[in-house]
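Go by the hints and put chain B with the ligands onto chain C.
Number of protein chains: 2
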Amino acid sequence: MSSVVQTRPVSPSKAHPTPPQTPPRKQAKLPEKEEEPADMNIPDNYVAWTLKNQKALPPVSWDNWWRELNYLSLSILTITPAIALVGAYYTRLRWETAVWSVFYYFVTGLGITAGYHRLWAHRSYNASKPLQYALATAGAGAVEGSIKWWSRGHRAHHRYTDTDLDPYNAHKGFWYSHVGWMIVKPRRKPGVADVSDLSRNEVVRWQHRWYLQLIIGMGFLVPTFVAGLGWGDWAGGFVYAGAARLCFVHHSTFCVNSLAHWLGEAPFDDKHTPRDHVITALVTIGEGYHNFHHQFPMDYRNAIKWYQYDPTKWFIALMQKVGLASHLKVFPENEVRKGQLTMQLKRLREAQENLTFAPDVNELPVISWESFQEQAAKRSLVVIGGFIHDVSAFVDEHPGGRHLITKNIGKDATTAFFGGVYDHSNAAHNWLSMMRVGVLHGGTQHGLDDKNIPPSQRLRVARY
Amino acid sequence: MSSVVQTRPVSPSKAHPTPPQTPPRKQAKLPEKEEEPADMNIPDNYVAWTLKNQKALPPVSWDNWWRELNYLSLSILTITPAIALVGAYYTRLRWETAVWSVFYYFVTGLGITAGYHRLWAHRSYNASKPLQYALATAGAGAVEGSIKWWSRGHRAHHRYTDTDLDPYNAHKGFWYSHVGWMIVKPRRKPGVADVSDLSRNEVVRWQHRWYLQLIIGMGFLVPTFVAGLGWGDWAGGFVYAGAARLCFVHHSTFCVNSLAHWLGEAPFDDKHTPRDHVITALVTIGEGYHNFHHQFPMDYRNAIKWYQYDPTKWFIALMQKVGLASHLKVFPENEVRKGQLTMQLKRLREAQENLTFAPDVNELPVISWESFQEQAAKRSLVVIGGFIHDVSAFVDEHPGGRHLITKNIGKDATTAFFGGVYDHSNAAHNWLSMMRVGVLHGGTQHGLDDKNIPPSQRLRVARY
Ligand code: HEM
Ligand code: HEM
Ligand SMILES: [Fe+2]
Ligand SMILES: [Fe+2]
Ligand SMILES: [Fe+2]
Ligand SMILES: [Fe+2]
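Chains as they are written, first to last, in this note's numbering: chain C, 926 to 1389; chain B, 926 to 1389.
No distinction is drawn between identical chains; accordingly, a pair holds when it is met within one copy or between any pair of copies.
25 Å max Cα-Cα, derived SDA-like pairs, lysine to any residue: (1) Lys1332 x Ser1124; (2) Lys1196 x Gln1277; (3) Lys1254 x Ala1276; (4) Lys1336 x Ala963; (5) Lys1196 x Gln1269.
It is worth saying that the hints were derived from the structure and are not from the lab.
So that you can see chain C by itself, here it is in the shape it has in the complex (with noise of 0.2 Å):
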């Protein structure tokens, strides 16, 4: 086991993976050398050795910030913006070209979610090569980078999520993870993830070979011809199905890496920021239930209850009953339900320990019958199950009435507190127990048993 107690990596140069030695070919249909994964050979300790040994750029400062920041993805999100905006200006919204607008929204949409991520990131489930190519094309069409370069970025964030080796760490505020990261040249590399796989799909390479084409046409080209030679509306077809949709469409996607860190409960592991909102369900096309997403990446669900707003899921479901797709991986049930249990159980337990319990039988006192006796007779003490019970800021509020608790003064009153009189509530013997001052001599072996444990100590949370 002399592999574990390693302290340094065998070779720190390995920890920074280079890029692959031979150049992509330019034939995808040629069967290609096995890329080695680029995570194969990293040491045990990558994480730390990294995190300790890696320059970071220097932060950011009124002083450098011009010189740091990414001008292509600045000019993109401003840029179309300003399209957007000053189109609409000029430009009236015909109905037609409105729903082509949210339709394509949903087109482009589906790319990035049903494809970019639930396929090619995450693999969680096979899709035919039709639906492959109709993916990336589609995808191309949100404008976010090619699908190798998106994978890459998103694995890495679900790697090391919440960590300075994730691009879009949450911990650097909501803006940081929505469009910061963009913007911003990033401080440190993405921490390594492999992406072997996506090089060695024909697809994926097809769309990084033709990327430049495939995002005028399917960003622009396709949304404005299909509004002009369909209903005459070139200009609203560029300025609304074309620009606007793709700002949508943009945060849209942005939201899944600051919203849905940030906004809900997290029913699975509160470990990490993922949460679960229908808000950021809404917003992302499914994408929102982000904390089981985060627990369970490679489950092709987002939501689990049939109730749940999950577009994606039900394109992907759609999808293998018209044959396109095959082998969609669900998460064990079983592994499911616990993470929910632990949660659960972790809130009770809060709760539990918010609460004042009855005292043991061993940190009270053991008084004979006679002692108890000489005490009744000065302050109000009754024997119930065995244990004394000093019941005089009690006797007032008894809703049975002061008679029935005064008369047993001084006396046993097992079995009228447990039936013979009343059948108490719970709550009743929760409280009793509250009152208790001493053990009585002898008085356990009444053969009640498990009685002499309040209800709400029957069950308890417990740690291991």
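Quick look at chain B with the ligands alone, frame taken from chain C:
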């Protein structure tokens, strides 16, 4: 402690308390001889003894039913809706009368809920004389019997809930608990319940004495005269604010015995039938949180959250604000929370029992490093955290890729798995634990301590 083991009541005759020996005096103002509580001298096994030895009337059948009906109740409960229906057919509903009817519904309804129920039956707060007279008068307008009769039955209902000594035993079915118990003569006397506190109460006695006058006046004359003198709608006042309103108040109250023991959840205790539901609350002026109410009957609230519908509680709080009520009783928050916690734990325990968890150290064979190496040549075995795992079925499912697991077959991947390469989620740890097939000899001295316990097993619902 010999009193506890007694098996027969000392004097069985006392088990059926006889009515007070001294006839009530005529002048309510004179101080009375203290009446002994009806349940003062019952034996400690009263409930069991009574159920066993007290004779019940024969069951109602096709032969005897006409002899077993309570014709007075039956008349009131059939003639009132008949008047309302026929009257409504011939009488146009004016909006003033509609508003007045709804208002009067709340007035007489609150007479029952805030007066009969929470004040007198449960003593959940103290009311000043003027408020008591107002409530006794308003409550009479609901025509449901005198305070004393009503409270005696209601106290028995709480004391013997769901048993044959409960006058509206919900186990006898929805319709029995709704109206059946009034229409058919009861098979058994309700169990003993003390109302000596009410016998001593000036207002209760005043109401008892003038009861017939009060129901005629409040049930019909007042609603009719207000509408008649107010806006000339004598007929409408009689039909809508009188008969129809009375019908609604009746069935509204009856719902507390039927619907509230049938519909909804049991967040505080599920030992008996009472349930919490917002629909019940809406139709009963706030008496719908009945599971809470049966656990904490002397709490002046039924709904404990501010956003839940409990106008009766709001009314009582308002009366306190204006100085007409005091000593509003509230069950200790700590005890209320305990009940909720127990019910939630009960539910989670069921969930826990339906899940499969990883085998424990003691259930697994201890295997030497050499033997592990040998066997790893034949099947895919990986050591992580001192346990040997068979990952054969999992390698192709691994979201981090096949290669990261296969390169660790026959090795110790603890460091890599625990964050060196990837800081696996709790879900991954849980799933991993399901693949355990052995314990490595000496392998648990990893200094990883409780990391050996899968996250899903660190918190458990335990029975004491
Ligand atoms: C000192 C210990 C006692 C405590 C803490 C206690 C507590 C309670 C509580 C909380 C209730 C409300 C109903 C419920 O939650 O079940 C209740 C009702 C009642 N208790 Fe006790 N009780 C005590 C002793 C007794 C004894 C010794 C007797 C009989 C001899 C008795 C007879 C009753 C009866 C008859 C009721 C029913 C009241 C009604 O629903 O109208 N209690 N008690
Ligand atoms: C046989 C035991 C293993 C199991 C059951 C397992 C399970 C998982 C699971 C469920 C995930 C999904 C993300 C998550 O839930 O955290 C995952 C991801 C990952 N695993 Fe493992 N793993 C195992 C062994 C390993 C080993 C030995 C390594 C490294 C040498 C490794 C490296 C990774 C990496 C890098 C990811 C990140 C994938 C991504 O998010 O893109 N795993 N593993
Ligand atoms: Fe994320
Ligand atoms: Fe993802
Ligand atoms: Fe009830
Ligand atoms: Fe009640």
